[in-house]
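Peer 1: Going down the list, the protein sequences come from chains F and L.
One point on numbering: in the numbering used here, the residue at position 113 of the first sequence is 113, and numbering is uninterrupted.
One point on numbering: in the numbering used here, the residue at position 77 of the second sequence is 190, and numbering is uninterrupted.
Warning: the hint list may mix true and false statements.
[Claimed, not checked] Computed spacing ranges between beta-carbons, pair by pair:
(1) L:R154 to F:S12: 22 to 30 Å
(2) L:G116 to F:K108: 17 to 25 Å
(3) L:T225 to F:E42: 22 to 30 Å
(4) L:E157 to F:S69: 36 to 44 Å
(5) L:E131 to F:V78: 29 to 37 Å
(6) L:K181 to F:S12: 24 to 32 Å
(7) L:K191 to F:A41: 22 to 30 Å
(8) F:A41 to L:R198: 20 to 28 Å
(9) L:T225 to F:L11: 29 to 37 Å
(10) F:K112 to L:E127: 39 to 47 Å
(11) F:K108 to L:F187: 39 to 47 Å
[As the list claims (entries may be wrong)] Some but not every residue of chain L turned toward chain F, in silico, with C-beta under 10 Å:
(12) F146
(13) Q150
(14) R154
(15) G172
(16) M173
(17) C205
(18) E213
(19) P218
Read the hints as simulated data drawn from the structure, not as lab findings.
Backbone N, C-alpha and C fix where the C-beta goes; we use that ideal spot for every residue, glycine too.
Below are the chains, spelled out letter by letter.
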Amino acid sequence: DQQVKQNSPSLSVQEGRISILNCDYTNSMFDYFLWYKKYPAEGPTFLISISSIKDKNEDGRFTVFLNKSAKHLSLHIVPSQPGDSAVYFCAANYGGSQGNLIFGKGTKLSVKP
Amino acid sequence: DAGVIQSPRHEVTEMGQEVTLRCKPISGHNSLFWYRQTMMRGLELLIYFNNNVPIDDSGMPEDRFSAKMPNASFSTLKIQPSEPRDSAVYFCASTPGRYEQYFGPGTRLTVT
């Protein structure tokens with residue numbers, strides 16, 4: 001049973017526009033959420049995170065929003081650039097910083113020039 | 114820092130052979146994780162260690178899989194005997210006790 005779901009396997013966006021990647025989760029015990037970015041033939045790299053006590057975290061062009069009541073989070077990229085083309089994974093943690101991450105299956109973002 | 118180092122980057126082997134994947138975590142990181150990525154199941158945790166001690170191995174698919182961490186700078190994931198369904202990309206990740214994990218480049222395993 002998937003506890004972290006990314007229902008869109010792919011997303012295509014024009015350069016300069018906003019990219020919105022979505023993620024839903026089922027376990028209310030999750031207390032920390034992360035987004036990872038993955039290029040082909042490389043390992044995932046950490047992008048941005050948010051604690052369950054917040055509803056928004058911003059880092060440059062990247063903003064993550066958390067809606068706990070809906071068990072939903074989203075990653076906004078503004079403006080999108082061709083170099084943002086990658087697979088984006090949503091991940092959730094419980095058990096504190098010594099615990100493990102549960103990953104979604106990823107969304108492949110293509111940003112077209 | 115060199116980041117998490119994994120070897121080999123690619124491994125092709127025949128069914129029934131033993132496979133050993135290696136990982137060197139980032140120096141100073143006290144937690145190490147082994148993941149497997151497949152098209153069907155995505156990125157799934159196999160096992161993780163805190164301070165070289167296995168904490169949760171419930172993701173290890175079966176007894177053919179074993180993992181060790183003899184010291185803070187080295188871990189192995191062994192599959193014996195290997196089967197075609199083990200073909201996947203295996204990632205190692207480490208963390209200094211923060212939520213963010215740092216991933217290695219992965220080992221692409223093909224079992225024929």
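Peer 1: For every hint, state whether the structure bears it out.
Peer 2: Quick rundown of the hints versus the structure:
no. : hint                         : result
1   : L:R154 to F:S12: 22 to 30 Å  : holds, 25 Å
2   : L:G116 to F:K108: 17 to 25 Å : holds, 24 Å
3   : L:T225 to F:E42: 22 to 30 Å  : holds, 25 Å
4   : L:E157 to F:S69: 36 to 44 Å  : violated, 28 Å
5   : L:E131 to F:V78: 29 to 37 Å  : violated, 49 Å
6   : L:K181 to F:S12: 24 to 32 Å  : violated, 44 Å
7   : L:K191 to F:A41: 22 to 30 Å  : holds, 24 Å
8   : F:A41 to L:R198: 20 to 28 Å  : holds, 22 Å
9   : L:T225 to F:L11: 29 to 37 Å  : holds, 35 Å
10  : F:K112 to L:E127: 39 to 47 Å : holds, 42 Å
11  : F:K108 to L:F187: 39 to 47 Å : violated, 34 Å
12  : F146                         : holds, 7 Å
13  : Q150                         : holds, 9 Å
14  : R154                         : holds, 8 Å
15  : G172                         : holds, 9 Å
16  : M173                         : violated, 13 Å
17  : C205                         : holds, 8 Å
18  : E213                         : holds, 5 Å
19  : P218                         : holds, 5 Å
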